[in-house]
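Listed below, chain by chain, are the residues.
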Amino acid sequence: MGKGGKSHEEASIGEEENMAAWLVGLNTLKIQPFKLPPLGPRDVRVRMKAVGICGSDVHYLKTLRLADFVVKEPMVIGHECAGIIEEVGGEVKNLVPGDRVALEPGISCWRCDLCKEGRYNLCPEMKFFATPPVHGSLANQVVHPADLCFKLPDNVSLEEGAMCEPLSVGVHACRRANIGPGKNVLVMGAGPIGLVTMLAARAFGAPRIVVVDVDDNRLSVAKDLGADGVVKVSTNMQDVPEEVERICKVMGAGVDVSFDCAGFNKTMSTALSATRAGGKVCLVGMGHSEMTVPLTPAAARCVWHCALSPPKGDGFHKMQGG
Amino acid sequence: MGKGGKSHEEASIGEEENMAAWLVGLNTLKIQPFKLPPLGPRDVRVRMKAVGICGSDVHFLKTLRLADFVVKEPMVIGHECAGIIEEVGGEVKNLVPGDRVALEPGISCWRCDLCKEGRYNLCPEMKFFATPPVHGSLANQVVHPADLCFKLPDNVSLEEGAMCEPLSVGVHACRRANIGPGKNVLVMGAGPIGLVTMLAARAFGAPRIVVVDVDDNRLSVAKDLGADGVVKVSTNMQDVPEEVERICKVMGAGVDVSFDCAGFNKTMSTALSATRAGGKVCLVGMGHSEMTVPLTPAAAREVDIIGIFRYKNTWPLCLEFLRSGKIDVKPLITHRYGFSQKEVEEAFETSARGGNAIKVMFNL
Chain Z
1 MGKGGKSHEE
11 ASIGEEENMA
21 AWLVGLNTLK
31 IQPFKLPPLG
41 PRDVRVRMKA
51 VGICGSDVHY
61 LKTLRLADFV
71 VKEPMVIGHE
81 CAGIIEEVGG
91 EVKNLVPGDR
101 VALEPGISCW
111 RCDLCKEGRY
121 NLCPEMKFFA
131 TPPVHGSLAN
141 QVVHPADLCF
151 KLPDNVSLEE
161 GAMCEPLSVG
171 VHACRRANIG
181 PGKNVLVMGA
191 GPIGLVTMLA
201 ARAFGAPRIV
211 VVDVDDNRLS
221 VAKDLGADGV
231 VKVSTNMQDV
241 PEEVERICKV
251 MGAGVDVSFD
261 CAGFNKTMST
271 ALSATRAGGK
281 VCLVGMGHSE
291 MTVPLTPAAA
301 RCVWHCALSP
311 PKGDGFHKMQ
321 GG
Chain C
1 MGKGGKSHEE
11 ASIGEEENMA
21 AWLVGLNTLK
31 IQPFKLPPLG
41 PRDVRVRMKA
51 VGICGSDVHF
61 LKTLRLADFV
71 VKEPMVIGHE
81 CAGIIEEVGG
91 EVKNLVPGDR
101 VALEPGISCW
111 RCDLCKEGRY
121 NLCPEMKFFA
131 TPPVHGSLAN
141 QVVHPADLCF
151 KLPDNVSLEE
161 GAMCEPLSVG
171 VHACRRANIG
181 PGKNVLVMGA
191 GPIGLVTMLA
201 ARAFGAPRIV
211 VVDVDDNRLS
221 VAKDLGADGV
231 VKVSTNMQDV
241 PEEVERICKV
251 MGAGVDVSFD
261 CAGFNKTMST
271 ALSATRAGGK
281 VCLVGMGHSE
291 MTVPLTPAAA
301 REVDIIGIFR
311 YKNTWPLCLE
321 FLRSGKIDVK
331 PLITHRYGFS
341 QKEVEEAFET
351 SARGGNAIKV
361 MFNL
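Protein chains in written order, with the UniProt record's numbering: chain Z, 1 to 322; chain C, 1 to 364.
The shape of chain Z in the complex, shown without the other chains:
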């Protein structure tokens, strides 16, 4: 282990056994010991305090795979997390034991062209919590690079720290789509990702945000969280033209950017049709792999399909379900 302090509780309790939630088989999670790697000079050891569940975690539990990633051996689950620094490596200057931090899950290589140009989320050597074969963070403790641990402001809770991960998807989408005060936003899907995207869009200054879903309850939540308008839609492709009309009426103005936070033929087709000429559609959600959409009419109106990577993964094959 490198130099650095240990939290005083640990010193008095003695060496505890680190436990984690392991995905050991289809639909089977087991809390079992999780041996931590040695602490490198630029690493920190973090005691986990808050860990959220993501749809991808559930998908791995249910199917043992996601796109090209396959769970071939038991793997610790979870990646949306925050905790308290227990120990820091010898070269760590910006953090000390006791600091509350939120963790960015993915460790990039920092040698390839994509990393060097700043698009490190696309690094082919990405090592990401709970994307096999990399262990996740639903554990008592993890070891992680210090530069991927972000100190929480005093008034931000550990749970809010863990929420930074899903929120980051929304923030990244808003950046890629260049959301600002002049951009009216349409959000397809009011699940967790649709909601964080809506919150991020508002924070980026979007003046009007309309949220679309098939479910009344989700729409009600969206409204409570600040959507300017909500539109209930069906799962029937034939309803697209009528729904596009309703969406535009509720927006009361052109749709500048649409975020498809579901990722299905219908949501993508609706987004492409509803977005004004010269606008953008961000495909955020990972629904179906292959999609049938009216691409050419959208291209002829220069609707820029802005692709959005989840903070992991390098390619998807056919996905189950949806």
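What the hints contain is simulated information worked out from the structure, not anything from laboratory work.
One thing to keep in mind: the hints can contain errors.
Straight-line alpha carbon distances no greater than 25 angstroms define the calculated SDA-like cross-link-like pairs of lysine to any residue that follow [to be verified]:
#1 C:127 x Z:111
#2 C:116 x Z:297
#3 C:116 x Z:300
#4 Z:249 x C:124
#5 Z:116 x C:124
#6 C:249 x Z:111
#7 C:116 x Z:181
#8 Z:232 x Z:215
#9 Z:72 x Z:289
#10 Z:116 x C:207
#11 C:116 x Z:178
#12 C:249 x Z:232
Derived coverage of chain Z by chain C (criterion: at least 3 residues anywhere in the stretch with Cβ under 8 angstroms from a Cβ of chain C; other residues may be distant) [claimed, not checked]:
#13 110 to 122
#14 285 to 296
For every residue, glycine included, the Cβ atom is placed at its ideal position computed from N, Cα and C.
With chain Z fixed as given, assemble chain C onto it according to the hints.
Positioned in the frame of chain Z, the structure of chain C alone reads:
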């Protein structure tokens, strides 16, 4: 008519009747009189000298429609054109009779938000030569706004001037895709649009350009025009993975930007798969309206799809490329016809047939 000179030939011949090639019904073109509108103060009257045939012209001939545009009454065809100024309106300062000019076809409104932000190609009130109900320019003369007529450099011919229109599609695509010295380019489809896109990409500095097509002859033309590599592909969707592998091998590096200049499921799917993470795919070609493509894998690699519709602010750059020799469009003009009923019919047949015809050009 506004103030301004008239060419001296016209004054001595007397008032000629302006004739044009009209689309009068399905598969039916007729050369008939075409009455010109009055010359406004900022207009010019142009004697047409070179007019190219576009796939859209052929499509209107064959089907009387294109997307949402329907030919409901007879319409003059043609929009890729260049000619000589005959008369200028009273407020026209930058052009005089005798000037050789290339014409940008589309008249935007210049009042809407899209126009004001410079994306005038998307103007909903666009009046575009040979997009119904607006008459085209395969005629002896047309009247057009002076600001859409661009003077040809001395060493650029009228035919090259007419080629500015299709070339503009390639130039606009390269701008939207941000082509430059670091961008390796893949072009799907070696038809006229694929070829002008390739030429434009080279002019923008693309170091490696690979062109893909189903046809050996077209690939051979692409190679002659400077493609670094060509790949022959099938129309079979199942061949995509193998073809992507071949493409990447021929490129010898990552594909930074792909231009789909055909616009079909297969070409788009191939482009999306072949383009590196963080790259771009430009959908230039208008093949099928609805497409089935592996969108999510592309999205998961942040391969962005960029739509292309016509062009904006491209004529000056096109003319500069032609003047400097950075782009040579002359090899694309494979067939030439005069302006007579028989030749108009033959010309369109030649263009529709495809084969070894790239650009069919009228000389008036």
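Hints, verified against the model:
Using a Cα cut-off of 25 angstroms, the hinted pair residue 127 (chain C) and residue 111 (chain Z) is violated, with the two alpha carbons roughly 52 angstroms apart. With a C-alpha separation of about 23 angstroms, the suggested pairing of residue 116 (chain C) with residue 297 (chain Z) holds against the 25 angstroms cut-off. Taken as a hint, the residue 116 (chain C) and residue 300 (chain Z) pair is honoured in the structure, with Cα atoms around 19 angstroms apart against an allowance of 25 angstroms. Distance hint between residue 249 (chain Z) and residue 124 (chain C) is fulfilled; the C-alpha atoms sit about 19 angstroms from each other, no more than 25 angstroms.
A hinted pair counts as satisfied when its Cα atoms are at most 25 angstroms apart, and residue 116 (chain Z) with residue 124 (chain C) does not qualify at roughly 42 angstroms. Among the hinted pairs, residue 249 (chain C) with residue 111 (chain Z) is consistent with the structure: their alpha-carbon atoms are about 23 angstroms apart, no more than 25 angstroms. A threshold of 25 angstroms between alpha carbons decides the hint, and for residue 116 (chain C) with residue 181 (chain Z) the separation of about 18 angstroms falls inside it, so the pair holds. Straight-line distance between C-alpha atoms of residue 232 (chain Z) and residue 215 (chain Z) comes to about 7 angstroms, which keeps the hinted pair within the 25 angstroms bound.
A threshold of 25 angstroms between alpha carbons decides the hint, and for residue 72 (chain Z) with residue 289 (chain Z) the separation of about 22 angstroms falls inside it, so the pair holds. As the CA atoms of residue 116 (chain Z) and residue 207 (chain C) are separated by approximately 21 angstroms, the hinted pair is consistent with the 25 angstroms bound. Restraint check for residue 116 (chain C) and residue 178 (chain Z): the C-alpha separation of about 19 angstroms stays at or below 25 angstroms, so the hint holds. Taken as a hint, the residue 249 (chain C) and residue 232 (chain Z) pair is broken in the structure, with Cα atoms around 48 angstroms apart against an allowance of 25 angstroms.
Residues of the region 110 to 122 of chain Z with a Cβ under 8 angstroms from some Cβ of chain C number 5, which satisfies the need for three, so the listed coverage holds. Only residues whose C-beta sits within less than 8 angstroms of a C-beta in chain C count toward coverage, and the region 285 to 296 of chain Z has 11 of them, enough to reach three; the restraint holds.
The structure fails to meet hints 1, 5 and 12 from the earlier list, while all remaining hints are met.
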